[in-house]
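> Each chain is listed here by its residues.
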Amino acid sequence: MGVGESYQRGREWLDANPLGFVFGLVLVLLLLDLGRRLLTGDVTVSRFGLVLKAGLMRGLVIGLAGIGLSLTYSILNFANFSHGDYLTSGAFSGMAVSYLVAGGFGAQGNVGALLLVGVGGSVFGGALGVGIFTAPLAVLLGLIVAGVSTIALALFIDRVVYKPIRDRSGITLLITSIGVAFVLRYLILFVFGGSKRGVTAGQPSLSLDVPGGAINIGAHDVTLLVVAGTLMLGVHLLLQGTKLGKAMRAMSDNEDLARVTGIPTERVVRYTWIIGGGLTGIAGFVFALWKGTLGFFDGWLLLLLVFAAVILGGIGSIYGAIAGGLIIGVTFHMAPLWIPSGFARAAAFAVMILILVLKPEGIFGGKTTA
Amino acid sequence: MSADTDARSALSALWERDAVKIAALLGAIYAVYIGVGAVIGYSVRGQLNSIATLTFYVGVFGVLALALNLHWGYTGLFNIGVVGFMAIGIYTVAVVSKPAADTASSIGGFGAPLWVGIIAGVVVASLFGLLVALPALRLRADYLAIVTIAMSEIVRFILLSRTFQEVEIGGRTVGLGGGSGLILPFNPLQGLLEATGLVALRDGLVAVLGPAIGSNPSAVINSLLYGVLLLVFVGLYYVTLQRLGKSPFGRVLKAIREDEDATTALGKNTNAAKTKAFMFGCALMGLGGILWYVQSGAITPNTFRPRLTFFVWIALIVGGAGSNTGSVMGGAVFAAVLFQGPRYFQNLVESLVEVEAPANFGAAMAPLFDSLTLTPFVFYVIDNVRQLQLVFMGLVLVWLMHNRPEGMLGHRKEEAAGVPLRRDRDAAVAAADGGHERDGRDGDE
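Sequences listed follow chains A and B, in order. When we follow numbering that gives the first Met the number 0, the leftmost residue of the first sequence carries the number 0, and every step to the right adds one. When we follow numbering that gives the first Met the number 0, the leftmost residue of the second sequence carries the number 0, and every step to the right adds one.
Just so you know, not all the hints are guaranteed correct.
[Unchecked claim] Here are the simulated lysine-lysine pairs, DSSO-like style, with alpha carbons at most 30 Å apart:
(1) A:Lys195 x A:Lys290
(2) B:Lys275 x B:Lys253
(3) B:Lys253 x A:Lys358
(4) A:Lys358 x B:Lys275
(5) B:Lys267 x A:Lys358
The hints are simulated quantities; they were obtained by calculation from the structure and are not laboratory data. Predicted model, so just to flag it, every value in this text is computed and none were measured.
Generate coordinates for the entire structure from the input sequences, incorporating the hints supplied.
Right, dumping it as structure tokens:
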């Protein structure tokens, strides 16, 4: 009886989701293959651990930036193609302050060079000792400035660019956001230069001995984990426990109804940008801190991965964005175990396209929790 | 009644003709370029070179904007993967038509004649369009946008990858060249001139203009002729799309753009129509990519970044989506003002003053703070025109979306009907006969 019933239910599910079944099957096969290769030593535990760690770390950045993208996507109804460049802006403004503080406000290198994050090789983050252990205050201030300045930028752009055309279609807003992305990205290039620079000094790390080598857990891995975890928890509490969260959910559901029931929609929009911009700016800063390099193209390169995460988790859901971010991050770093490393990004995009085609409401069934 | 009004109405009737609008726009653009060239003190050679470059970009952006207009303007398909189809077109040409590799280290092709390669490139681009269309066309516009841009990036990753850099097929070393790209040993213009017997024309031009141009006149003449060839292609695209738009099939496409459900309810197979339109547009984009790069000598994958797609989009939006005339004019304006204009301006300034640009933004700003000297900053701006022009393009795009989302010609979107839908339009046409200026703009419908 019990077996027959669950078999029946399985059949129904299979009929409803044939492609989902194939998708799941491929995933299971990959995991089995991974297990086999770990056992045979084809992939060492240390390599596996390292790619998993890198994937989770990148996933946290993507998830953090994804929360903002997801919120604006569901509440303002448009795919913001300038979101990646908000991330770059946050990274540069935060790093400028970190450089300034770590450089002793001009004690090492002149103030201009510090504020321009060492443009043209005038000062180096490594020499200044930018890092959570070597200059904790610089990093902390950088973190705060990254968030605050990106909030200011997001609010300014919303006021000047998006507010006047709030009532237009999502496509109009999308095209406009491409214009904003161009302006931001190439202004950053104009001011900070085009070189991809190293920004951090070496930090102490914890080494775990495992078969096949060691897994290093660096200070900036931990920083990223703590910052992202705290912020995600904070957003969860904010959106679940306050009226703002309820208003946001109401607005993403039906904006007109929300306005009729007395929700101050413009104020909700402003808070959306504040939360989204702040998280994105900080994500950009910790991303630069974690990978140790910074270039004007970083945010744009990450943008499609962020989109992938948001779509995977279901547009409008912050938990979906976080989970999607982790999945995309892990896919990105794990894919080279099977396919040439040049296709890592392509693999993440392929996952996104599959989800869009098969289940556009996201893998969690499109429950917009916030 | 008076000769004056007659002349004016004749003039406005002339202005109503789209070909006149395009010709007037091109004439104005060329006049400005030649005028500025004269100020710079360009020699005949310099003038002809700058005209050739300008014509080239007017042509390629016109062609690509027209192709995109079929997707977005007619059918309402939000494709932001244009550059992927261009890349597929030209890379297919390279693989099919490059001669066999002569040394072990170089990458060859299958050595087919160039025209075979071009046909193959167009076909492969449209088949790739089918591959994208099959799953993606039923998606919402913004999802289709994300899928197409991701697809175009995947194309670039494939071109970049080492896996397909060099492959042995049937004893030949072929491949996509990886990050260093491919050399293209093609001279399509020469082949075309020989095939059409127009070599004499070229040689005649070289003989006539040669003394004025100076050394190696045939290179200048060739690039001018290639520009003319591109303009011919713009004309071909224009006529094709114009006919397509007015055909019953074109009306189905426009109906899909307006309301897909209603079109389905009327018994039209919208999926098939969308797929066909998408494939045809992709074929045109593939050909656009071929026309752009086939005579360039070499291609690298990183040329085909998404920003090229956005260039084409800006061109289309400048001209006004939904109108083929607008697409051509948008392509011309984009090429002349936004794409080539800033570089031309840079040349102009550099010819007038000695630009000693600071190496970076810090060095540019320091004199401003220290002694209120603005010159280094201005020099830095001029030196970085190529970056700032993208900022400018972004600003123009935002401004257009705010103030003129329907494009420079105003509201030109063709109706999804075989007959005029508005009664007052007929009235307006009648009024035009009475000597009143016809209002081309209908405002919001």
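> Next, verify each hint and record whether it holds.
Tested hints:
1. A:Lys195 x A:Lys290: holds, 12 Å
2. B:Lys275 x B:Lys253: holds, 14 Å
3. B:Lys253 x A:Lys358: holds, 28 Å
4. A:Lys358 x B:Lys275: holds, 25 Å
5. B:Lys267 x A:Lys358: holds, 26 Å
Checked against the numbered hints given earlier, the structure satisfies every one of them.
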